[in-house]
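*Asks:* Full structure from sequences and hints, please.
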Amino acid sequence: MKKKSNVIRIPKPRHNAFNKHRPISTLLRMQVRHFHEIEKQLLLAELTDIELIKTEGQAAEYVAKMTARLLGAPSSKPGRKDAR
Amino acid sequence: MRAGLDELKHIVVLMMENRSFDHMLGGLWAQDSRIAGLTGKEANPDTNGNPAPVRAMATFQGQLDPDPDHHFPAVNKQLFFPAAGPPGTPSMQGFVQSYFDQQRNVAQSQKIMYYFRPEKLPVLTTLARQFAVFNGWFCSIPGPTTCNRAFAHYGTSFGQVSLDIFYWKGPYLSIYERMLQAGHTAKIYYYDQQSSTIEIVNLLRNQPQIFATYDQFLDDCKSGILPDYSFVEPNYSDHEGPGGGEELASDQHPDHNVQAGEIFIASVYNAIHANPSLWRNTALLIVYDEHGGIYDHVPPPACKPDGFVASAADTGTGFPFAFDRLGVRVPAILVSPWIPKATVVPGTEDTAKGRVFEHASIPATVSKFFIGNNDSGAPREKTCDTFLDLLSLDAARPDSDCPVFSL
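These protein sequence lines are chains A and B, in that order. Here the working numbering is used: the first residue of the first sequence is 60, the next is one more, and so on. Here the working numbering is used: the first residue of the second sequence is 403, the next is one more, and so on.
Since the hints were derived computationally from the structure, they do not count as laboratory data. Note that the Cβ used here is the ideal one computed from N, Cα and C, for glycine as well. Hints are supplied without guarantee of correctness; some may be wrong.
Cβ-Cβ distance ranges computed for the label pairs, FRET-style [as the list claims (entries may be wrong)]:
# : chain 1 : residue 1 : chain 2 : residue 2 : range
1 : B       : A797      : A       : I67       : 16 to 26 Å
2 : A       : N75       : B       : P484      : 38 to 48 Å
3 : B       : G464      : A       : K99       : 30 to 40 Å
4 : A       : N75       : B       : Q504      : 21 to 31 Å
5 : A       : R68       : B       : D803      : 15 to 25 Å
6 : B       : A509      : A       : L106      : 36 to 46 Å
7 : A       : K99       : B       : D621      : 28 to 38 Å
8 : A       : L106      : B       : R506      : 36 to 46 Å
9 : A       : L106      : B       : D621      : 28 to 38 Å
Cut-off 20 Å, straight-line C-alpha distance, at most; resulting in silico cross-link-like pairs (SDA-like, lysine to any residue) [to be verified]:
#  : chain 1 : residue 1 : chain 2 : residue 2
10 : A       : K71       : B       : T528
11 : A       : K124      : B       : L605
12 : A       : K99       : B       : Q609
13 : A       : K79       : B       : D467
14 : B       : K770      : B       : L792
15 : B       : K522      : A       : R68
16 : A       : K79       : B       : Q463
17 : B       : K522      : A       : A76
18 : A       : K124      : B       : D617
19 : B       : K522      : A       : V66
*Replies:* As structure tokens, this is what we get:
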């Protein structure tokens, strides 16, 4: 079969590119704080201590929990499909 | 009306993170001198007083760590050094000085001048060469993410120049709310719950119905039920995904892997391209929210004041900001089969025909096309340029003339 000339192969990132333990950037810190502001407005019984969130993986867990709460959906945990 | 606009039903915007035009696309000047990239002669002075030239040595990851400062005071230095700030045309001579401030390391500070060889970014550079690349798309504020993304959603940042959370102050509604009020459909597709949305958590709280995941975007493309207007957000963090697999950040924010962003851009393009009818009636804009502190050589121009003023204390520079000039230039590419191949939209380098775009151009374009006017838009949105005139062909380009990315 003739190869299509307009198909462009895209290389993949190196295998060790993933690092959920990377310290969170200013941007992710800001995202966490924004969700925390909402969390405070929701007057929940127990507020998350966001000062304990240091890594991207930890930030992602918190952001998922808050997103699920705002959507009224179950939190998406590893091993589960995202709730829509 | 042109045929491409007759058939247009969907506008999709993908907003990436923190890379300047020259860093990502500056190397294309060597292939096409109409593209306002780098000649190779551009330089900034380093802190020893020596010239630090641009070099095609950018790498996918590990080079811009720490994350270059792009808060308002740092960008002010990047733009105006050796002057303290405006008035006057930005010199674009302070990028190395600004990066040096973070680590006091001369060798590291020079890396802020590095740019990618075009062949290292096959997705972005192919789309730029195959469709329309903007020489003059600037971020809306010389500052960080939050306030710049606000311009894409609201046409204003309501006076904000920082990363702080902001609260809607009216009277300007988000483009999503305006679309819904006018009987149209609009969605913000975030990558997944772990990544969620940046900047608009208040919108997520108050209007959760306009949000969906990227998986839903892929399904909606396949089913041909994409909303009239879609805003796509990349993955902002490395985290575990469904099944415990690795979800690599795809936003290209330093120091996230740039190749992962290339794959994400390609997947958005492929999802639209794979559905023939959707492909014919969709315009895809790929744009970056701001420059992330990375070098660009084009001075940002003045613009219509926003109506808000950030105080001297808020800017952190000792002087107020009236939102009357734009931020640093960012990559922006418009994709549609109705766009002539290798379109280059001239920017400020062309004093006769140059056009200037900014993030307020996004709600302005969406509003103008779907709703018909910008009467309820913010001041910048009412005066900025719109971009759908670029769909200028009388017939859609054949599929054989458009790229396909194999992932």
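*Asks:* Holds or violated: A/K79 with B/Q463, Cα cutoff 20 Å?
*Replies:* holds (15 Å)
*Asks:* Taking 21 to 31 Å as the stated bounds, is the beta-carbon spacing between A/N75 and B/Q504 within them?
*Replies:* Cβ of A/N75 to Cβ of B/Q504: about 25 Å, so the range 21 to 31 Å holds.
*Asks:* Given the hint of 30 to 40 Å, check if B/G464 and A/K99 actually sit that far apart at their C-beta atoms.
*Replies:* Holds - the Cβ-Cβ distance for B/G464 and A/K99, about 37 Å, lies within 30 to 40 Å.
*Asks:* Look at the Cβ atoms of A/N75 and B/P484 and judge whether their distance stays inside 38 to 48 Å.
*Replies:* Check passed, 41 Å falls within 38 to 48 Å.
*Asks:* Straight-line Cα separation of B/K522 and A/V66 no greater than 20 Å?
*Replies:* Satisfied, since the Cα-Cα distance of roughly 16 Å is no more than 20 Å.
*Asks:* Take the C-alpha atoms of A/K79 and B/D467, compute the straight-line distance between them, and say whether it is at most 20 Å.
*Replies:* Holds: A/K79 and B/D467 sit about 16 Å apart, inside 20 Å.
*Asks:* For the pair B/A509 and A/L106, does the Cβ-Cβ distance stay inside 36 to 46 Å?
*Replies:* holds (44 Å)
*Asks:* Holds or violated: are the alpha carbons of B/K522 and A/A76 at most 20 Å from each other?
*Replies:* Answer holds: B/K522 to A/A76 is near 17 Å, not above 20 Å.
*Asks:* Hey, A/K124 versus B/D617, does the alpha-carbon distance stay inside 20 Å?
*Replies:* holds (19 Å)
*Asks:* Does the Cβ pair A/R68, B/D803 satisfy 15 to 25 Å?
*Replies:* The hint (15 to 25 Å, Cβ to Cβ) holds, given that A/R68 and B/D803 are roughly 19 Å apart.
*Asks:* Could you grab the alpha-carbon distance between B/K770 and B/L792 and see if it respects the 20 Å cut-off?
*Replies:* Holds - the C-alpha atoms of B/L792 and B/K770 are around 15 Å apart, at most 20 Å.
*Asks:* Honestly, do B/A797 and A/I67 meet the 16 to 26 Å range at C-beta?
*Replies:* holds (24 Å)
Checked against the numbered hints above, the structure breaks none of them.
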